[in-house]
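Position chain B against the provided structure of chain A, taking the given hints into account.
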Amino acid sequence: MTTVHVTGVLAALAILLAIGATLYWMLHPPTTSAERAARLTERDVAEMIGSVLVVFSQEIHSEHVMSLAARVARRERAQLLAAYVIEVPHTLPINAEMAAEHREALGVLQVAESIARANNVEINTEVVRARQVAAGVLELAKHAQVHLIVLGSYREGKYTGAPLGRAIEVIAAQANCDVLIGIQGTQGTLLTPPKRDAKAVAR
Amino acid sequence: MAASALGQRVVEEPSLRRSVTPWGSFAWGYSDVGADIFVGLGLVLGAAAGASNVAFLFAGIVYVCIGLAYTELAAAYPVAGGGQYFVFRGLGDIFGFIAGWAVLLDFTIDIVLFAWSCIDYLSKLIPVLSFVAHPWVHFCVVLTVIGGLAALNIIGVRESSAFNEIVSGLDVVSETSILFFGFLFAFDPELLVHTMQIAWPSTFGLMNGVSLAIISFVGLESISQAAQETQRPASVIPRSSIGLILTILIFALAYSNLALGMHPWHALPKDALGHTQPLWQYLGNQDNNGAAVAVLASYVPYFGTLAALYVPVLGAILLLISSNSGVFGSSRIAYAMSGAQLLPSLFQRVHPRFRTPAVSIAAFCGVGVVELVFASLPSLSPPVKLVYAHFFRGESGITFLGDLYAFGAAASYSFVFIALIALRLNDAQSPRKFKMPFNVPFTYRGNRVEFPLVAVLGFCGIASILAFTMITHAIGRIAGPTWIVCGIVGYMVYRRYKGLPVLRSQPHDWRKAQINILRAAGELELMDEYLTNVSRMDERAATVNAAAP
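Protein chains in written order, with this note's numbering: chain A, 346 to 548; chain B, 1362 to 1910.
Note that these hints are calculated values from the structure, not bench results. C-beta: ideal position from N, C-alpha, C; glycine also. Heads up, a few of these hints could be off.
[Stated by the list, open to error] Some chain A residues near chain B, calculated using beta-carbon distances under 10 Å:
| # | residue |
| --- | --- |
| 1 | V349 |
| 2 | V354 |
| 3 | A359 |
| 4 | L361 |
| 5 | A363 |
| 6 | A379 |
| 7 | A382 |
| 8 | A383 |
| 9 | A520 |
| 10 | V524 |
[To be verified] Pair by pair, the computed Cβ-Cβ distance ranges are:
| # | chain 1 | residue 1 | chain 2 | residue 2 | range |
| --- | --- | --- | --- | --- | --- |
| 11 | A | A363 | B | R1809 | 53 to 61 Å |
| 12 | A | Q490 | B | K1873 | 34 to 42 Å |
| 13 | B | R1806 | A | T376 | 17 to 25 Å |
| 14 | A | I528 | B | T1904 | 51 to 59 Å |
| 15 | B | H1495 | A | T376 | 52 to 60 Å |
Here chain A stands alone, though its shape is the one from the complex:
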């Protein structure tokens, strides 16, 4: 036997509403100043990272930071651009053929593309020719209106005593946007360039 009475209907709806409202209110407690600060920072960073430029060159090895940048770009839905800068000596014209360097650039960018694909992020790649790496990066960043330049550095040979390298220092000093530099600590391993067995890679 069923009895639908207007009071019953109103009571049923009131119960549903009251329980729903109570639980909603309960699950949204006021935030602390620390949480508010963290939320603001998150929002700022989310707004900041609209497009990310990851830089490679003969001296700048950014494979590992590229992986980190891809994860950030995926989370923030940012555009990702990977660029390899070929430094052309003043003794050569800017469009001179540098087959070995170009081949190297394509190989590195292919790795970058694979990393992006593995992280399910779309990526644009570009080979840039410049007289100086720093100038090339700065020009590209300005042209592409990037919000963040990401590059990696590691201690090896000539970097001893000057771990950042001149190009990185110039980029950091003159870039209009934010620059994220991965610097390897003395015991760090994350930024160490891959030393893989060529045969294993080929397999």
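Frame of chain A, contents of chain B only:
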């Protein structure tokens, strides 16, 4: 937690990890309080009949006051210990002991009552477990459940927080659905008014009903117990406590009104004399009072078909969790009381292999077993039934346990209200992120304090419920005070043996304790506020002393 200073590593004492979220905090309380309505509904319908909704309303108003008091205190002192700690801090050692001892009585009853009711709910699917038809089987199964819970807690196995959260979530959805469909398809306000008129109980019955209705609201302790593990306790606990208070209040009022004013979907079985019986009477009889929610749900139109299958199981799981919360709640309280030298250090003893307070668990589960024996005896042995009929008005079974539960709850809650007033006066400098409403500001010993009117209202309410319990329950009148008196005697012997003050309190550095509590809870802003308040108070005191001749 570790801190580094001048290259040296300074390791601080370990603290509980703050992993309990707002929903987790709610679930902690809900798995305890939420189970109460499963037990309380049938008992109150049996006692207060047509005034069951009024009984729940009265107890509900008192419960709101209790809830607000616990919310304020748990947010101000986010430390594991709950009501016992608040009374200990506000009123001193001996009252802290009495409140803790009353809470311990409740926890031991909690173990038995919910294990009992859990089996009652399962008996709706497995009839051989019915207490009325097979008392020995019922007794043995409940005993096994208690033994099993004790063993699991000694070994160190507990249900996970995630399990608690899932069961609580399912139960909130389930109960809301039962009420929604019940009111939508079967509620008749004219039947409600008619039932209230023809089945209005005697004053004794109403007092009995009110004293039993309070057991539907026992268990707020659990949120306070988990305060030390809750994220941002000063912000989260007020919300989860008030959310819990409102949810339980809505359920209790809605269930009682629905039971009195609902047309059952199917015809109810006739009573022993062959008469047609109304739903509320059917739910409150001895066959069904232990599983009233499941029975009511099965008579809800349409939804009842599904509810009849799963509500007994869901209810049984929730009741089992609640029973388990009695096991670890009692051991936690005993451990804390032992640390404060209110109980012998025996209760702090940890099992060498399992690292659990095995002595506490075994001792209080043992008390639970004794209570189970007393509750079951009349049904197991006919001569004992006559004795109970003569001395205790025949109270036995789940009513016996309900009586004692109501006594323990009313006694401990009474102390909490007094402690809240004392702490408002003596510890005004502790920041309170939540305060009970309706306060009267005045100056006390040179400090600006606020007197809580709601606490006075709540105290009067719970004191009246305590009085109702003593008047209407023969068992509560005898066994409850006996438990308290035995505890006080034991406390006095222990304190004298240890050379500690018996009636006075030991010196406590509450300032240092409060700073440590707030720091451990991660409430750094409140800690800063507390330090500012304390230094202001000291400056004021110094100024007064300097001005004195």
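Exercise for the section: Using the Cβ atoms, figure out if A/A363 sits within 53 to 61 Å of B/R1809. Expected result: violated, 37 Å
Problem - Agreement of hint A/L361 with chain B interface, Cβ distance less than 10 Å - result: holds, 6 Å
Problem - Cβ distance range 34 to 42 Å for A/Q490 and B/K1873, holds or violated - result: violated, 57 Å
Exercise for the section: Verify the interface restraint on A/A520: the C-beta must sit less than 10 Å from at least one C-beta of chain B. Expected result: Violated, about 34 Å.
Problem - Interface hint compliance - A/A379 to chain B, C-beta minimum distance less than 10 Å - result: At 8 Å from the nearest chain B Cβ, A/A379 passes the 10 Å test, so the hint holds.
Practice task
Classify the hint on A/A382 as holds or violated, based on whether any CB of chain B lies nearer than 10 Å to its CB.
Solution key: violated, 12 Å
Practice task
Using Cβ atoms only, decide whether A/V349 comes closer than 10 Å to chain B, and label the hint accordingly.
Solution key: The hint holds - A/V349 has a Cβ within 10 Å of chain B, the shortest such distance being about 6 Å.
Problem - B/R1806 paired with A/T376, Cβ distance criterion 17 to 25 Å - result: violated, 36 Å
Handout entry: Hinted contact A/A383 with chain B - closest CB pair below 10 Å
Key = Violated: closest Cβ of chain B sits about 13 Å from A/A383, beyond 10 Å.
Problem - Consistency of beta-carbon spacing, B/T1904 to A/I528, with hint 51 to 59 Å - result: holds, 56 Å
Practice task
Return holds or violated for the Cβ distance of B/H1495 and A/T376 against the range 52 to 60 Å.
Solution key: Given a distance of about 55 Å, which is inside 52 to 60 Å, the answer is holds.
Handout entry: Restraint check, 10 Å cut-off on beta carbons, for A/V524 near chain B
Key = Nearest chain B Cβ about 30 Å off; hint violated.
Violated hints, in rising order: 7, 8, 9, 10, 11, 12 and 13; the structure is consistent with all others.
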